[in-house]
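Note that our numbering has the sequence shown beginning at 221, numbered continuously upward.
One or more hints might be untrue.
[Stated by the list, open to error] Listed next, with one range per pair, are the computed distances between beta-carbon atoms: (1) Leu232 x Asn306: 20 to 26 Å; (2) Asp359 x Ala234: 52 to 58 Å; (3) Glu351 x Ala238: 36 to 42 Å; (4) Glu321 x Gly243: 51 to 57 Å; (5) Arg247 x Glu227: 26 to 32 Å; (6) Arg247 x Ile358: 25 to 31 Å; (7) Glu351 x Leu233: 57 to 63 Å; (8) Ser300 x Ala239: 46 to 52 Å; (9) Val339 x Ser230: 48 to 54 Å; (10) Ile358 x Ser230: 37 to 43 Å; (11) Gly352 x Ala234: 16 to 22 Å.
Don't read these hints as lab results, they were simulated from the structure. C-beta atoms are modelled at their ideal positions from N, C-alpha and C, and glycine is treated no differently.
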Amino acid sequence: MKISKLELISLLLAAAFAAFAAGWFMRGASSAQPVRVETENLLAQPTAVTVPVTSAQPSAVPVATGTPAPESENPAASPSGKINLNTATMEELMTLPGIGEKRAAAIVADREANGPFRVPEDLTRVDGIGEGILGGLIDMVTVS
């Protein structure tokens, strides 16, 4: 049986289409979940500074400047004011909304047992912290 050139080209195109379609449908079978990338707000928030007024009545007027007020020496707080989940103490974790003594202890215990958090979403691996609590914390925490 002899196949013409037109039939051969048709068979090759059909085989190429079948291979493409199979790859298209199989593409998501072994791919990893997408990773959320955190970006930090690098703009300095203005803070109030009192400046004495040179008049007959002594009073202070708050004036906004572009430099932030100096923060206390907190090793868990990042320059953006977020709490670092990998270095925070129980007391620092308890300042977060929805985190009490029990959940703070669970976070520290999970960090010691499983190693540092890679992304803030890793908090969901801690018992008692689900998507609802994470939603209220995600903007206040960071990892590094």
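With respect to the beta-carbon atoms only, verify the hint that arginine 247 and isoleucine 358 lie 25 to 31 Å apart.
30 Å, holds
Is 37 to 43 Å respected by the C-beta to C-beta distance linking isoleucine 358 and serine 230?
55 Å Cβ-Cβ, so the 37 to 43 Å window is violated.
Okay, serine 300 versus alanine 239 on CB: inside 46 to 52 Å?
Holds, at about 49 Å.
Check the following: the C-beta atoms of glycine 352 and alanine 234 are separated by a distance inside 16 to 22 Å.
With Cβ atoms ~51 Å apart, the hint is violated.
Can the suggested window of 52 to 58 Å be confirmed for the beta-carbon pair aspartate 359 and alanine 234?
Holds, since aspartate 359 and alanine 234 (Cβ atoms, about 53 Å apart) stay within the stated range.
Evaluate the given range 57 to 63 Å for the C-beta pair formed by glutamate 351 and leucine 233.
For leucine 233 against glutamate 351, whose Cβ atoms are near 48 Å apart, the range 57 to 63 Å is violated.
For the range 48 to 54 Å, tell me whether the beta carbons of valine 339 and serine 230 fit it or not.
Given about 50 Å between the Cβ atoms, the range holds.
Distance restraint hint 26 to 32 Å, applied to the beta-carbon atoms of arginine 247 and glutamate 227:
At roughly 31 Å between Cβ atoms, glutamate 227 and arginine 247 fall inside 26 to 32 Å, so the hint holds.
Should the hint that glutamate 351 and alanine 238 are 36 to 42 Å apart at their CB atoms be regarded as holding?
41 Å, holds
For the pair glutamate 321 and glycine 243, does the Cβ-Cβ distance stay inside 51 to 57 Å?
53 Å, holds
Determine whether the Cβ-Cβ distance between leucine 232 and asparagine 306 falls within the hinted range of 20 to 26 Å.
Because 56 Å falls outside the window, the suggested range is violated.
The earlier numbered hints that this structure contradicts are 1, 7, 10 and 11.
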